[in-house]
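S.K.: Each chain is listed here by its residues.
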Amino acid sequence: MRIPCPHCGERGSEEFSYLGAADPVRPAADASIEAWHDYVYLRDNPAGVNRELWQHVRGCRRWLVVTRDTRSHAISGALDVVQARSGDAAI
Amino acid sequence: MTYSFFRLAAEALRGNVGWTPAWRDPEPKRAYDVVVVGGGGHGLATAYYLAREHGISNVAVLEKGWIGSGNAGRNTTIIRSNYLLPGNEAFYEHSIQLWEGLEQDLNYNAMVSQRGVLNLFSTDASRDAAARRGNAMRLHGVDAELLDAAQVRAMHPYLDFDNARFPIKGGLLQRRGGTARHDAVVWGFARGADRRGVDILQNCEVTGINVANGHVTGVETTRGPIGAGKVGLVVAGHSSRVAAMAGLRLPIESHVLQAFVSEAVKPLVNGVVTFGAEHLYISQSDKGGLVFGGDIDGYNSYAQRGNLPVVEAVMEACMAMLPMLGRLRVVRSWGGIMDMSMDGSPIIDRSPIGGLYLNTGWCYGGFKATPASGWCFAHTIAKDAPHQLNAAMRLDRFATGALIDERGAGPTPNKH
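Chains as they are written, first to last, in our numbering: chain A, 6 to 96; chain B, 2 to 417.
Derived by calculation from the structure, the hints in this document are not laboratory data.
Check the hints yourself; a few may be wrong.
Said to hold, decoys possible - Here are the simulated distance ranges between beta carbons:
hint	chain 1	residue 1	chain 2	residue 2	range
1	B	Arg8	A	Tyr44	21 to 29 Å
2	B	Leu329	A	Arg31	24 to 32 Å
3	A	Asp28	B	His141	22 to 30 Å
4	A	Ser77	B	Pro324	47 to 55 Å
As the list claims (entries may be wrong) - Take a look, some chain B residues computed to stay more than 10 Å from chain A by CB distance:
hint	residue
5	Glu146
6	Arg154
7	Glu254
8	Glu279
9	Asn308
10	Pro412
11	Pro414
Ideal Cβ placement from N, Cα and C applies to all residues, glycine included.
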């Protein structure tokens with residue numbers, strides 16, 4: 006599995022470390038226990054397209070949002086988290 | 002048909018024409034008292050113990066493929082009860098005790114072999130951790146022995162004791178651990194459940210879960226709707242997908258775990274040996290192939306195949322522990338989809354929906370648990386309450402904080 010890092014180009018997945026789903030949004034500090042429970046523990050865990058956080062730890066060390074199909078491991082895109090959150094393709 | 006030496010001899014003399022199928026292939030009924038979703042080892046064991054322990058035999062096991070086609074056929078067949086934490090240890094010891102009587106109970110040869118499980122250590126810190134684990138086991142009445150290097154050398158002389166980086170200083174041994182024949186476990190539970198009246202429905206994929214007024218009423222399947230008073234979900238790596246049919250989100254991620262088999266060689270590895278310096282577990286099948294594996298790949302996957310970095314890591318660990326394997330060829334590898342929970346321990350519990358029960362979160366340690374998982378899940382379904390043995394394996398422990406985190410790794414499924 007090779008990940009197209011927007012800064013370093015396509016690199017083997019062993020250069021990256023995996024965190025998990027990119028979409029859960031961190032609740033406010035004073036949010037309810039239920040909101041924190043959902044954020045910390047519950048996952049959609051889709052069989053199909055998954056947006057997920059990878060860090061290029063043995064490269065540029067940037068955090069990326071990678072779009073990957075969990076049934077085939079096919080990667081359809083990778084953006085720097087700043088790009089992914091701002092919607093701005095250039096960084 | 003009961004299997005026995007006399008039956009074998011009689012059939013041999015009669016040309017083996019009297020054998021009958023080990024289980025029926027029935028048509029689905031309109032409704033059952035209990036529907037178990039998932040025809041792996043855990044699901045079939047659940048049905049078996051529902052009938053045997055609780056007299057509930059109007060039960061169907063629904064399997065989307067053929068029984069045992071998932072992780073029951075994709076593991077490294079290790080059985081053990083060398084756990085540390087109170088919520089786990091008694092449960093896994095119950096499983097070992099069920100394994101010890103399983104073949105007589107099922108009238109089926111599951112090839113349970115208590116050849117010992119040895120966890121090696123290479124540092125003072127890992128020796129301390131092994132001693133602590135062994136003491137925890139002994140406090141639960143489970144056998145555990147701390148061996149020094151000379152004792153390990155007497156049992157396994159072929160290991161690389163003087164490895165410059167990971168010298169083997171000793172090991173924690175559970176003699177009652179070992180291996181079992183994975184397919185025979187599935188077939189034995191299937192036959193045992195079938196003989197007690199359970200319907201095993203293969204090629205029957207669940208496509209929906211029907212809920213009315215907060216209580217489950219049945220399931221939709223590729224072989225038509227099936228009514229049910231109670232439904233138990235035992236679908237391992239597909240737990241999130243099936244639970245989503247009932248509107249549930251689970252503290253589960255699905256990850257791929259790879260395992261490997263070498264070409265067959267003469268008897269070499271007498272028992273299960275695990276390497277503490279890297280993650281590696283290895284045993285030898287009765288056919289002679291070495292069966293081994295390591296960590297999960299570490300990313301969400303439903304693909305039943307992994308990638309090369311983990312293959313490389315596992316082979317490197319083999320070479321560090323057992324350098325002679327460098328001349329051996331790997332003939333087969335495979336991937337299975339693990340239901341990784343957020344604390345590394347399983348969930349056997351009721352769900353927020355009445356009559357719907359969950360059995361999930363086995364991570365990559367489900368095989369050894371097969372009998373106790375079925376035994377406890379059957380109790381939970383029959384009594385609508387957990388048994389003392391699975392009382393800690395609650396779904397709501399992630400909200401209450403009563404986690405069972407053997408590894409101490411926090412809510413990171415790919416680190417357990």
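S.K.: So, for every hint listed, does it hold in this structure?
M.R.: A quick look at each hint next to the structure:
1. Arg8/B with Tyr44/A: 21 to 29 Å: violated (59 Å)
2. Leu329/B with Arg31/A: 24 to 32 Å: violated (48 Å)
3. Asp28/A with His141/B: 22 to 30 Å: violated (41 Å)
4. Ser77/A with Pro324/B: 47 to 55 Å: violated (36 Å)
5. Glu146: holds (37 Å)
6. Arg154: holds (34 Å)
7. Glu254: violated (5 Å)
8. Glu279: holds (15 Å)
9. Asn308: violated (5 Å)
10. Pro412: Violated, since 5 Å does not exceed 10 Å.
11. Pro414: violated (7 Å)
The structure is inconsistent with the numbered hints 1, 2, 3, 4, 7, 9, 10, 11, although it conforms to all the rest.
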